[in-house]
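J.: What follows is each chain in one-letter form.
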Amino acid sequence: MAAGGNNRSRLLLVILLVTSLFLITLDLRGVSLTKGSRNATQSVLAPIQRGFSDFFSPVGNFFSDIKNFGKTKSEVKDLKAENAKLKTQLVINADIQGQLAKLKGVLNLAGRGGFKVVAARVIGRGSASTFSQTITIDAGSSDGVSKDMTVMSDVGLVGVVKAVSSSSAIVLLMSDPTFRIGVRIAGSQSVGVLQGEGSSHYNLQLLDAAGTINHHDVILSLGSDNNHPFVPGIPIGYVSSVDHKNASLTQTATVTGYSDLNGLGVVSVILQAPAGDPKDSLVPKPTPTATIYVTSSAKPDTATVNSTLKPSPLPTSTLKKATK
Amino acid sequence: MSWSRAGISALFLLFIFVLQEAAISKVNLPIGGFSLYLAVLLGLMALEDRSGAIVLGFIGGLILDLSPSVESPVGKWAFVLTIIGYIFSTNRESIGDFTQRPVAFVFFTALGSVLTLLAFLFIGLLLGENNGSVWHNFATVFGNGIWTLIFSPILLPLLVKWRALTLTSRERQ
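First to last, the sequence lines map onto chains A and B. 141 is the number that this note's numbering gives to position 141 of the first sequence; each next residue is one higher, with no gaps. 19 is the number that this note's numbering gives to position 19 of the second sequence; each next residue is one higher, with no gaps.
Chain B extracted, bound-state conformation (with noise of 0.2 Å):
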């Protein structure tokens, strides 16, 4: 991953942020909501190469760590995102290449999703933090895995497209 495509993929991760925060969680949707910015970051962390998915996961992380209603201490998404980054990259490689397997693609991102937020969950339960009741939980990340499915088949061409765009002649070889 190029230095150049690190900072183009930070601003559109940054741009799909205030997306999420000003617009997509004003929306109420039934079982837990839709996280637009997860399903954008993991889908672009699943056509990177290892390092690149790992610097995705910590730029993306701490992006999200900024967001004023997040209670939990800053760091925290960006090491969750981080070690999400690392094992996407690992089992991405056994998979192949994504964009010739959509559905596998939609289904990785979604799986992804509900990942994310467990492990999220299980670092704030080491951190010594409340999480809530158990239903609630469940029902945002079931909720948030359902929704990344529903979303994704019409989010993940636009990725792959988005992409190809910011890839440097010598990424395309």
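Okay, chain A solo, but in the shape it has when bound (with noise of 0.2 Å):
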């Protein structure tokens, strides 16, 4: 009876493998039915995950924010005034206000570079378990958004839309393995391939064997045929490392994005581009970094104080206190 139905076990067990492969194999060779179902689902989940959104979105980054908090001393320092200020923003409601900001940054960097655009609110993240980094927007084809569209945030690129339903779309993220960018650096023009790393860096390889990569260079977006699935000119981020290899023939780098992946509300989806390249117009403006140094004399309250002013790479500004 046992071995009975251990056979009966081991041909179910192949039978069902066989299954799998067909599966695999079909999806391989692009038949839409497998292509379809996925679509299907993400119609049914959008709009669930739309009303989970507004659920989920205060817990979301309960655990990060935790694991964050406390890292120094000036930070939860800085973090507690900065705290006081949205208080007093919660009460009008901290979270319309937060995306308001963020559109009002999309929009502004989508029409310097005179892209037309549609905006869209991030209403899901990629499953754990499923290796790939996505999001899912309420945005879809009845907003204009098909496939190989690129998407881009207020400081930079976000990724390209993968699967569009009539209401969501399914973005891949540029943080994903599987993601490659052609791009250039600006102002050296030395073109690369730039490959998510499934973190916040990212790997830039440079094409041309005498082109050359420095410190804080910022790396914008080559462009498509067409303008798909990239446009040109998108700020992607800046040179963090660069990678002194002797053995390999052309030069590559560590890029860190400029774009906050994981804290992404609102996004926008470029659905024209302009006729000419926007070229270097995209790249961030530094912005001066102040820093005060505060130097205490030997006469009781009185102390010197010396500020400079210095370009910094990255597009936002940061004030630093050194107090001896």
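Derived from the structure by calculation, the hints contain no laboratory data. Heads up, some of the hints might be wrong.
[Claimed, not checked] Beta-carbon label-pair distances, calculated as ranges: (1) A:Asp148 with B:Asp97: 50 to 58 Å; (2) A:Ser224 with B:Leu167: 50 to 58 Å; (3) A:Glu82 with B:Ala10: 46 to 54 Å; (4) B:Ile95 with A:Glu82: 47 to 55 Å; (5) B:Pro30 with A:Gly182: 32 to 40 Å; (6) A:Ser224 with B:Ser4: 50 to 58 Å.
[Unchecked claim] Counterexamples of contact, computed for chain A against chain B with all Cβ distances above 12 Å: (7) Val76; (8) Lys77; (9) Thr88; (10) Gly182; (11) Ala186; (12) Gln205; (13) Leu207; (14) Gly211; (15) Pro229; (16) Ser248; (17) Pro278.
Just so you know, even glycine gets a beta-carbon here, dropped at the ideal spot from N, CA and C.
Take the two lone chains, each set in its own frame, and fit them into one complex as the hints suggest.
T.: See below:
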């Protein structure tokens, strides 16, 4: 009896494995049935995700906030000051205020590049078990969004539209390991390929053997044929470290992205790019960083204050304090 | 495993899948994140006989293949989870009744979650997919195992009770 049961289960195993392999083969051959099933699921899930998005947005980053809280005393001090400001804003409705600010930034950047865009709210994230890094946005084919469109935030590139339903779309984030984009270095015009690494850092490989990469170089998208999937001139990030390997033919570097892909609230999908290349017009303007040094003197109640202004490669301004 | 229970289990897994995609994945847990769906599926598979575990693995894998955020081909999760279902059921027979050994049940489910993700990565390599950086994959697999270990003691007793409700009178005997 037991042997009979074992044989039955083995036969069942073989049948189901062959069925799975058959499905994999169909999918790899591009049969629309398999792709259609995922689009149907997305259509069903999108309204539910939208509902949960409003409910989960205050608690979504709870654990990461705990992890980062209290790294340094100065950070805590800054955060407390910032928190006081935020509390005031919360009375009005911090969530809507933040989304409006992001939307303004997104439209500002899109406007500078002359892009025709549609703004969208992030309503879902890729599951932790799928290994792919995606977000779901609440704009779909009814808003003019189609596959292979560039998606950007208020500071730079976010990813590319992977799948579209009538009211939502899946965006493959640029941090996904399968993500690759042709890029150029602002200023030097050297071209290369940028690849996602699963984090906020990206691997850049130059295609030009004579080209050089420098620290803090700004990386922009190179653009594709007919602007699909990528439009040219979108800021991606800046070079945070250059690899000095004598053995490799071309130079490689690590790039830190401008967009915080974990904290995306509002993004915009580029529906139409301008006729000409925006060149380097979208390169973030260096914001001066104010550094204030306070030196105490021998006399009581007196101190010397020296301040200096330095341009920063980041599109944000920071205030450092040094007290002696 | 009866047809009716296979159907009920599939509907239950579909509900958990929607919950995972719409809610659980919105919570940014540190080190990788937690897959409620995998934990529930592996918990149910551990309670089934050999054929039941294989069928549940296949159904569960097919549902996971429908996830719009999955980049891999349709059928890959079904393939991986069918194999895991078989491995689960053969090893389960040597351990005995899990309802009497809750600690073993928790560890078995957490280990199963790690094994499933590793098998998924391995099959991906065989299919020529780019799995990304080793460190990122390690964090996802390890994180999932840890979170499954943490949440399973709450989850698994509920699963045992739910399964008892779906058993037919013949299966109870």
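J.: So, for every hint listed, does it hold in this structure?
T.: Outcome of the hint check:
For the pair A:Asp148 and B:Asp97, the supplied restraint of 50 to 58 Å holds, since their beta-carbon distance comes to about 53 Å. Taking 50 to 58 Å as the suggested C-beta distance range, the pair A:Ser224 and B:Leu167 conforms, at roughly 57 Å. Checked against the given bound of 46 to 54 Å, the beta carbons of A:Glu82 and B:Ala10, roughly 48 Å apart, stay inside it. Between B:Ile95 and A:Glu82 the CB atoms are about 53 Å apart, so this pair conforms to the stated range of 47 to 55 Å.
Under the hint 32 to 40 Å, the C-beta atoms of B:Pro30 and A:Gly182, about 34 Å apart, fit the expected range. Look at A:Ser224 against B:Ser4: about 52 Å separates their beta carbons, and that is inside 50 to 58 Å. In this structure A:Val76 is separated from chain B by more than 12 Å, as the shortest Cβ-Cβ distance comes to about 19 Å. For A:Lys77, the requirement that its beta carbon stay farther than 12 Å from each beta carbon of chain B is met, with the minimum near 24 Å.
Distance to chain B confirms A:Thr88 as a non-interface residue, since its nearest Cβ pair spans about 26 Å, more than 12 Å. Consistency note on A:Gly182: stated as away from chain B, and its beta-carbon is indeed over 12 Å from all of that chain's, at 17 Å minimum. A:Ala186, annotated as away from the interface, keeps every beta carbon of chain B farther than 12 Å; the closest lies near 27 Å. The Cβ of A:Gln205 sits about 15 Å from the closest Cβ of chain B, beyond the 12 Å cut-off, so the non-interface label holds.
Chain B leaves A:Leu207 outside its interface by the beta-carbon criterion, the shortest separation being 19 Å against a cut-off of 12 Å. Look at A:Gly211: its CB is around 25 Å from the nearest CB on chain B, clear of 12 Å, so calling it non-interface holds up. With a minimum CB-CB distance of about 15 Å to chain B, A:Pro229 clears the 12 Å threshold, and the non-interface call stands. A cut-off of 12 Å between C-beta atoms confirms that A:Ser248 is not in contact with chain B; the least separation is 19 Å.
Annotated as non-interface, A:Pro278 keeps its C-beta farther than 12 Å from every C-beta of chain B; the closest such distance is 30 Å.
Hint compliance for this structure: no hint is broken.
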